[in-house]
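The listed protein sequences derive, respectively, from chains B and X.
Per this note's numbering, residue 1 is the first one in the first sequence, and the count goes up by one each step.
Per this note's numbering, residue 300 is the first one in the second sequence, and the count goes up by one each step.
Please keep in mind that the hints were generated in silico from the structure rather than gathered at the bench.
Values in this document were obtained by computation on a predicted structure and should not be read as measured data.
For glycine and all other residues, C-beta sits at the position ideal for the given N, C-alpha and C.
Check the hints yourself; a few may be wrong.
To be verified - Some chain B residues close to chain X (C-beta under 7 Å, calculated; not the full set): (1) R18; (2) A141; (3) G218; (4) E291.
Claimed, not checked - Here are the in silico distance ranges between beta carbons for each label pair: (5) T326(X) - V236(B): 49 to 55 Å; (6) N472(X) - R270(B): 29 to 35 Å; (7) I85(B) - D655(X): 42 to 48 Å; (8) G468(X) - E122(B): 56 to 62 Å; (9) E363(X) - R270(B): 33 to 39 Å; (10) V236(B) - D331(X): 25 to 31 Å; (11) G96(B) - R538(X): 50 to 56 Å; (12) A378(X) - G103(B): 42 to 48 Å; (13) D347(X) - V86(B): 49 to 55 Å; (14) E101(B) - E338(X): 54 to 60 Å; (15) E267(B) - T326(X): 18 to 24 Å.
Here is how the chains run, residue by residue.
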Amino acid sequence: MNDLRVNTLESEAIYILREVAAQFEKPVLLFSGGKDSITLVRLAQKAFWPAKIPFPFLHVDTGHNFPETIEFRDRLTKELGVELIVRNVQDNIDAGKVVEETGKYASRNMLQTETLLDAIEEFGFDACIGGARRDEEKARAKERIFSVRSDFGEWDEKNQRPELFDLLNGKIELGQNVRCFPISNWTELDVWSYIEREEIEIPSIYFAHKRKVFLRDGMIWSAEDDVVFRAEDEEVKEMMVRFRTVGDMSCTAAVLSDAVSISKVVEEIRDSSISERGARIDDKRSEAAMEKRKQQGYF
Amino acid sequence: MEVLKIATAGSVDDGKSTLIGRILYDTRSLTDDKLEAIERTSKQKGFDYLDFSLATDGLVAEREQGITIDVAHIYFSTAKKSYIIADTPGHVEYTRNMVTGASTSQAAIILVDARNGVIEQTYRHFFINNLLKVKDIIVAVNKMDLVDFAQDKFEAIKTEITALAERAGSTQNITFIPVSALQGDNVVDRSTKTPWYTGTTLLEHFEKLEAQDVYEESVARLPVQTVIRPKTDDFHDFRGYAGKLYGGSLAVGDEVTVLPSKTSSKIKDIYFFDKKYSVAERGTSINVTLENDINISRGDIIVKASELPQETKQLNAKVCWMDATNLVVGKKYFIQQGANVIAAKVASIDAVIATDFSGETPATELKINEIGKVSFKLAKTLFYDTYAVNKTTGSFVLIDPQTNNTSGAGFIQ
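Only chain B is shown next, with the shape it has when bound in the complex:
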């Protein structure tokens, strides 16, 4: 009988999720409503079935998320019957703990870190499960599956624990936490192929749609709302686009596309000559943009 020959990556991710649930007292799944965290949710369902997913979801809401993503998030968590914790970046801004960026490239992406660290402290989470993948970005390519963070959320990238075979060491001191990455070894194409195979529902912005946009620095920005700063000479047009990665509206550019179904999306990615994070403005700030954010506690 060969039908149990499921994807090696799927079994690896399920194994990691079970280790997280068993080794930690208070794990949480970081849920953004993006394709990677949606994939994690399906894997968690599989890992613990017929029991419910044994940890809550946490969403750090920048207030700049795509409305489609938020609607999707609420519906999915309700269907699954899991607890959804939402913490807002806006609260930290209002309290004067963080200051909003200004100017043409203003984004709340960096501000998420503070809110995340606050939530970790508030609930005493000792493990945060995230959908980061090593193929996304070269600092992420360096990260362990269990990545220990200090009580300030810092990643000591030059001194990571050895991680041999499947053995995951989740032992930590009080105050430290571990970021856990079950789909570390998946590529973007693996995620899409899995979404296709499992017929997983994803937010509509991942598919080609007509959108009001404007062009800047060779990238396509959403002009449907007032979150993204737009200069007067930046002209609004309507284009057929989709989003390949879904962060904040302010740091995620769209790509031209006519892929209206998952199979078309898979085809498009297979033929693409630009990497996934090529459309992430947060990575373009400098060569070390991701690493710097990670050192401070970002995912």
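Since the structure of chain B is already known, use the hints to place chain X on it.
Okay, now just chain X, sitting in the frame of chain B:
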């Protein structure tokens, strides 16, 4: 599609990251934006060539120093296979990260600088790959362009490593390829400068390798990670034992023994998510139920009654030490083997093993990056196999209870 995981090894500046970058470039796996970034930075640094190591050296400190500190995982595919390359550091100081990358790989590329020949670090990395039983070793003799593609340089290295493999009693497949990572000779495309070499290019060789996971052993071991008890109306009495199956297969109806209690039962159902299967193959994360209710918890191992492992309270193992604090007699550690964690005390350090296979010397402590023979006194009985029989039940990590650090790796002989 098959997935093949390959780790690099070799001394610092032997060109590991450059080789990986070259493979990515020549297989057109670098996307336009990544290539542009490499072109831009190479130019900024004043190089008249493309610095491919920029594709993998992801940390600021790495780019500053031009070295690799920690393992990077790189993904690419050809029409035939999908590849994961673990690009590991060459410095002795970062051997722990090299071991991390090599432990889950099916093949290893050991780079040797054609100008320098076999050096201490070549021995160490060959030794570690031998200890880990990595099946395929590719010795890439690099920087052939700097020795005018001289065949005698290549042959000398081949002779020396072949002798080393014999001394080690290695049963690994070892292949030698002359390359220039910087110029692309024999990496993806055949070189016109090595007419004396009739073998395959590096990529051609990868394509021929059989991609099997590292857990290919024949005995079935199911370490229980967690017990699944939904306690819902539909599954009121459901009690599932969840874990990844290492080695062999398990079938419904198999007579099994649960360790350490040594209680017997039979496999009732095998689930993968909500579907039932009659057989589970190795490598799958399953959830099994048993015919009778027995007390099982995390760390227990389910095995076939006909394939019992060995047991001991006094463990002897080869240990690869990875902590700056030395391993000394009397110190306590946690041994983590699969999902099982038990307390252990170092009973004796029996020898330090020379990584050039020249022999063993007595020792009273193990220093960082040394490999030695160590015996442990265990708080509880450990059920184990030798590493040759099953990599999961035959290996472990040592965790320092004071720092929580993963301090060493053990291989049961």
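Results of checking the hints against the structure:
1. R18: Hint on R18(B): holds, closest Cβ of chain X at ~4 Å, below 7 Å.
2. A141: Holds - the Cβ of A141(B) comes within 7 Å of chain X, reaching about 4 Å at its closest.
3. G218: G218(B) check fails; min Cβ-Cβ to chain X is 10 Å, beyond 7 Å.
4. E291: Cβ of E291(B) sits 6 Å from chain X, so the hint holds.
5. T326(X) - V236(B): 49 to 55 Å: Between T326(X) and V236(B), where Cβ atoms are some 41 Å apart, the hint is violated.
6. N472(X) - R270(B): 29 to 35 Å: With a Cβ separation near 32 Å, N472(X) and R270(B) satisfy 29 to 35 Å, so the hint holds.
7. I85(B) - D655(X): 42 to 48 Å: 56 Å, violated
8. G468(X) - E122(B): 56 to 62 Å: Hint holds: Cβ distance 57 Å, inside 56 to 62 Å.
9. E363(X) - R270(B): 33 to 39 Å: At 36 Å between Cβs, range holds.
10. V236(B) - D331(X): 25 to 31 Å: 27 Å, holds
11. G96(B) - R538(X): 50 to 56 Å: 52 Å, holds
12. A378(X) - G103(B): 42 to 48 Å: For G103(B) against A378(X), whose Cβ atoms are near 46 Å apart, the range 42 to 48 Å holds.
13. D347(X) - V86(B): 49 to 55 Å: 53 Å, holds
14. E101(B) - E338(X): 54 to 60 Å: The hint (54 to 60 Å, Cβ to Cβ) is violated, given that E101(B) and E338(X) are roughly 30 Å apart.
15. E267(B) - T326(X): 18 to 24 Å: Given range 18 to 24 Å: holds, Cβ gap about 20 Å.
Hint violations for this structure: numbers 3, 5, 7 and 14, all remaining hints satisfied.
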